[in-house]
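First to last, the protein sequences are chains G and X.
For what it's worth, this note's numbering labels the leading residue of the first sequence as 1, then goes sequentially.
For what it's worth, this note's numbering labels the leading residue of the second sequence as 1, then goes sequentially.
Simulated from the structure, these hints should not be mistaken for lab results.
Hints may be right or wrong, so weigh each one.
Copies of the same chain are indistinguishable here, so a pair counts whether it falls within one copy or spans any two.
[To be verified] No more than 20 Å apart at the CA atoms, straight line, and that leaves these computed lysine to aspartate or glutamate pairs for EDC-like:
id, residue 1, residue 2
1, Lys183, Glu213
2, Lys223, Asp103
3, Lys342, Asp185
4, Lys238, Asp103
5, Lys366, Asp39
6, Lys183, Glu271
7, Lys238, Glu131
8, Lys134, Asp87
2 protein chains.
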Amino acid sequence: MSTTSRLQIPERLLLGPGPSMVHPRVYAALGQPVLGHLDPQFIALMSEIQDGLRYVFQTQNQMTIPVSGTGSAGMECALCNFIEPGDSVIVGVIGYFGTRMVDMAGRYGATVRRLDKPWGDVFTLEEIEAELKKGPAKLVALVHAETSTGALQPLEGMADLVHRYGALLITDCVTSLGGVPVKVDERGIDVAFSGTQKCIGAPPGLAPITVSERAREVLRNRKTPVGSWYLDLTAIEKYWGNARTYHHTAPISMNYGLYEALQLVREEGLEARFARHRRHAEMLWAGLEDMDLALHVPPAHRLPCLTTVRIPEGFSDTEVRGRLLREYNIEISGGFGELAGKIWRIGLMGYSSRQENVELLLSALKTILGR
Amino acid sequence: MSTTSRLQIPERLLLGPGPSMVHPRVYAALGQPVLGHLDPQFIALMSEIQDGLRYVFQTQNQMTIPVSGTGSAGMECALCNFIEPGDSVIVGVIGYFGTRMVDMAGRYGATVRRLDKPWGDVFTLEEIEAELKKGPAKLVALVHAETSTGALQPLEGMADLVHRYGALLITDCVTSLGGVPVKVDERGIDVAFSGTQKCIGAPPGLAPITVSERAREVLRNRKTPVGSWYLDLTAIEKYWGNARTYHHTAPISMNYGLYEALQLVREEGLEARFARHRRHAEMLWAGLEDMDLALHVPPAHRLPCLTTVRIPEGFSDTEVRGRLLREYNIEISGGFGELAGKIWRIGLMGYSSRQENVELLLSALKTILGR
């Protein structure tokens, strides 16, 4: 048998909401020989991955690990560990991923208090406080970067507010981590989760999560077992903590890829990385507006990692995206739910956030839209 | 930046209970460019992966997919989709992985009827029937290949028996799939799950699962939502079925690896693969017995994929394994739970099942044990 894979996938320009493109060094890491999940060399690598995740989450939290699933597993892990049946939970919905948290929290027996705002909007501190005033809540779950709308939820002062009412703050950072500051410690966020396939620049398959001491105390004081065995942090922490006790077989190769992607983040530096994401986003925004296209989210809370632009009248969503894919090998994405057929979603995340990608996409759109 | 990974992992001879070694073609596939999870090319690949899984499970089941987590996620998926709070569930425990199913079933609200036998033993049809006679059960969960003991549970007639009592048969095939016949359709198994990192020969990260029409009917008739969002087959089937509706971002690169590993299985042919696993296992058994070492499981239900051998008196478990790792670069594993310190576990699975590996291990053990 030959050692060449039969699989020959041509490289796409991934400019959708994720997965984003992957650096050649990360691909090379994926192909490193598999080690046992209790091999001393892998154990050492786990500590380095945890350090890298702390760097990008901007935290000193001891419990900072990659959950062995994609971003949605991270979301479920962040919720199920802190919810016991009957708990009152506030979930902010500013897009699709808020509704997903409502769904998950309900499955774990929470009494969900759902706050809705139009898709594309964000919450103010006053709006969250008004709900907190209505009665005690165990936690408040908000989406930091709403991948379905392109809105960036401001978090300044949010954790302090939530803590004053005795609750925990959980944030969905799937599309923000590595692209904009998350600042877990400075902001006092209790639980933040993400995925590897957006601004971190690794393939999908792992879900970084970080948990504050305050949240760990809540975890320790649970009266019932965590609803999910696979996502039970009380057991997972024994593998990723000092004991290194077997829980499940970690996805070894995916962890190699994450290690390498985190090394690339370190080499670039977080501040430079944030500036790069912003610079290319602004270039894209200016180019789209030059074509008289309307951006869906106002500048004040517009997410640099993922831009949403309204589909101009007279053009078909799928036809334009089909031409981009066929003629330019570029993937962008359409809208979800109430924004389906109304917007395109353009991601400039991680290794995809490059000037040449912005220029090519703008040029392609100009041609296809005739502007 | 260079395109060479900083990560330089030396290859180990992985002869433990998994992960097992990975063929160079599978490594090459892992490094193929990431596609979007809704890209037409990836969608086409999904169908090929499903066909490959049907081949190795020996089934025509439409619902045959890789769950986006490691083997334990497959186990949880197999249980949580078919358990509703209050359901009566029979779980056979012949080793550690049976106890894990007891734990999981309890978390999803089942009334668990636990059957225990000594670790290394297997159940007879009569023993299962005696429990079924005591009262109705929704399902019977058995471990086909008990990774903690090296026992292979016979399944002939088991599904017919379980069906006569109106229950479903769920089997843990993590360490059997691809190494010994699983024969899902011929045996009438309702739900079988596995991992990619054992006899399939891909890295850990995905959990193949197959679900019979009978089990799908039970799924359709649920009165409550599935306890886990991430593992909810009613939603996952819309992504892997004809609709291709987004549920979560699939681990793209891991699926490339699984595709290639399944291609290798096809090229070798299932029967030849089973024969290879048996041939090398018998070579190992004979060599161990030549050294006057005692095998833990009697030949009648000894698993070819994973051999358990009793640690001879006067030798330290960890010292011998440490020398194998340091001096020969070979990983084998110790025992679990009540077998800790009493046995070694030697895996000859997938790409690890090679004659030269058996010979080197036997030679190394001879030297270290002075036999």
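Alpha-carbon proximity context of lysine 134 and aspartate 87, limit 20 Å: Classified as within; 15 Å inside a copy, 37 Å across copies.
Homomeric proximity label, lysine 223 with aspartate 103: Cα distance no greater than 20 Å: Between copies only: 16 Å across chains, 23 Å inside a chain, cut-off 20 Å.
Intra- versus inter-copy proximity for glutamate 213 and lysine 183 (alpha-carbon distance at most 20 Å): For lysine 183 and glutamate 213, only the intra-copy Cα distance (16 Å) is at most 20 Å; the inter-copy one is 49 Å.
Alpha-carbon proximity between lysine 238 and glutamate 131, which holds within one copy, between copies, both or neither at 20 Å: neither (36 Å within a copy, 35 Å between copies)
Homo-oligomer pair classification [aspartate 39, lysine 366; C-alpha up to 20 Å]: neither (53 Å within a copy, 23 Å between copies)
Within, between, both or neither, where lysine 342 and aspartate 185 count as close if Cα-Cα is 20 Å or less: Intra 37 Å, inter 46 Å, cutoff 20 Å: neither.
Alpha-carbon proximity between lysine 238 and aspartate 103, which holds within one copy, between copies, both or neither at 20 Å: between (29 Å within a copy, 17 Å between copies)
Intra/inter-copy verdict for lysine 183 and glutamate 271 if alpha-carbon distance must be at most 20 Å: within (12 Å within a copy, 55 Å between copies)
Hint violations for this structure: numbers 3, 5, 7, all remaining hints satisfied.
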